[in-house]
Amino acid sequence: MFGRAQDTHLASRAPRRRARRRAAVSLVAALALGVLSPAFASDPPPDFRVITHPSRPESSVKREFLADALLKNITHWPDDESIRPVDQRADSAARRHFSETILRRSVQAVKTYWQQRIFSGRGVPPPELDSDDAVVHYVEAHPGALGYISGNVPIGKTKVLAVSP
Amino acid sequence: MGSPVLWGTILAAVLCVFPSRRARADDTPLTQLPDVHAFVSQGFMLSSKNNYLTRSRRGSFEFTEVGLNLTKAITDDLSVGMQLFMRDLGPIGNYKPQFDWFYLDYHFRDWLGLRAGRTKLPFGLYNDQSDIDSARVPVLLPQSVYPTTSRDFLLAQTGFELYGYEPLPFIGALDYRFYGGTIYLDSTSLNAPGTTVTDIDVPYVAGTRVLWHAPSPLDGLTAGASLQLLRIDLDLLLSPDEVAGLKQAGVVPPDFGDTFKYKLPAFLWVGSVEYAAHDLLLAAEYSRWRYDYKIRPEVVPDGNITSTRWYVMGSYRVAPWFSPGVYYAFFNTGAKGPDTRDKYQQDFAVSNRYDLTPNWLLKLEGHYMRGTAGLSSALNSNLPLGELARDWTVFMVKTTAFF
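In the order they appear, the protein sequences are chains A and B. Following our numbering, the numbering of the first sequence begins with 1288 at its first residue and continues without gaps. Following our numbering, the numbering of the second sequence begins with 869 at its first residue and continues without gaps.
Where hints are given, some of them may not hold.
What the hints assert, rightly or not - Here are the simulated DSSO-like pairs of lysine-lysine, each with C-alpha atoms no more than 30 Å apart in a straight line: (1) B/K1131 <-> A/K1398; (2) A/K1359 <-> B/K940; (3) B/K1211 <-> B/K917; (4) B/K1162 <-> B/K1131; (5) B/K1115 <-> B/K964; (6) A/K1398 <-> A/K1349.
Hints are computed from structural coordinates only; laboratory data are not their basis.
Bound-form chain A, shown alone (with noise of 0.2 Å):
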């Protein structure tokens, strides 16, 4: 009976130990491919992330669009609801990022496109935002919101957007 269950025993332990050295070696090989290459290894969050409201169908936008809508050469989604594009403050590191990279400019020259607007008659900018929070409760309250947020805070209810070039 002893030898019954010492067997018993031993069988039990022979799964768990083959668990143990499974996880060992994929933790093995996983410090292994770390070393050798960063991409197996956890990715930093992105500089920003594009957000819109939930209820938008859009998986993804291009780069053009999101730039024009930013800018609001463009005014209004392909099924026609209105894009509320919102941006962020011009010292944070969200925008600086986004505009280099969307807007192919930097925040200073942006700054300019939108005083030529301002005092020529042809529009106001989106509104600026304190905060990533803020943006996140404002693109979910506002059907048709778009905006963008650093990449590692929390997006609320939102939808992110990837963007193709």
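Starting from the known structure of chain A, fit chain B onto it as the hints suggest.
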């Protein structure tokens, strides 16, 4: 003093009533406060040998601009706006406030919008921005294509405008505007010693501007063309001394009254190219302006004159607070005869813009000029332009605060 006081009262009242807009999470177009923006500029100009735009040889502070605008979205597609503007630039402006622009704008689609009211003329890349010091590096835009002394003729029209923006598959986007209406001209600004403009009318102004924005990877490249047609009719009343002089010289018939009637149809066009990416701006424009003239009684045969105007310009934002720039501008009046100094003007300008804070800037600018075609006899002791110094310089300092 009445005008500045009125202007100050309007400014103070508006700023008290409408605080600057702050977005809230529950904003909708109707609950948002109007957008309020304003700028105040003061400059100083000093020139050698010739007076330019103002009495600049002795140094002049008559170089002031103030603007205040309100914009309000009523719905997502309907908005209204207006801007009050006043300036003083030598003999021009004299602090008289005026509506720079006002409109109602209905945006049917991105490819079709309609504006009614007084709208800025989209001529070339920068005509509708020529008053906006904060929107560029140089103090003066190239005067060959954007002459500030012709601001009344070129800046805004009252009527309608159709506009649109259309992304095109693979080939970028088109930005277009078509307009038609009239231009309000203040006849008193055209008076000269011995002559008075008693009636002035612009029966029509019409035109278009089409800009093409290149697709990626040429982001920031824009090319386009603008056309403008207009006609100016004016009656010029001469003083008795002037009439007597002309009769004595046999220029006018003995039965001439005291008024010349002018009809001045004009056709202007400009071709434009701009590259604006990251912190770099490069631009070039070439333009020709044709004026036909008919004067009754016919003291000179009916005819026309075509001026040539172009420039190349570049600037680079070296640091967020510092942007140097440079341009070369050329203007030829197109007048027949030998190529004397009064027929052309070359302008080589170097500018430095310092952004002292996000809402306050300072500019320093130097010009080396050759030719006198852009000068005013009235500001230079009524001497003929051909007798003024051919080579001369201008130095400018200007500071602008804006929000």
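Status of each hint after checking the structure:
The hinted pair formed by B/K1131 and A/K1398 fails the criterion: a straight-line CA distance of about 43 Å is larger than 30 Å. Only pairs whose Cα atoms come within 30 Å are accepted, and A/K1359 paired with B/K940 is accepted, the gap being roughly 16 Å. Restraint check for B/K1211 and B/K917: satisfied, since their Cα atoms lie roughly 18 Å apart, inside the 30 Å limit. Restraint check for B/K1162 and B/K1131: satisfied, since their Cα atoms lie roughly 5 Å apart, inside the 30 Å limit.
Our distance criterion of 30 Å between C-alpha atoms is broken by B/K1115 and B/K964, whose separation comes to about 38 Å. For the hint pairing A/K1398 with A/K1349, the CA-to-CA distance comes to about 23 Å; that is within 30 Å, so the pair holds.
When held up to the earlier numbered hints, the structure conflicts with 1 and 5 and fits the remainder.
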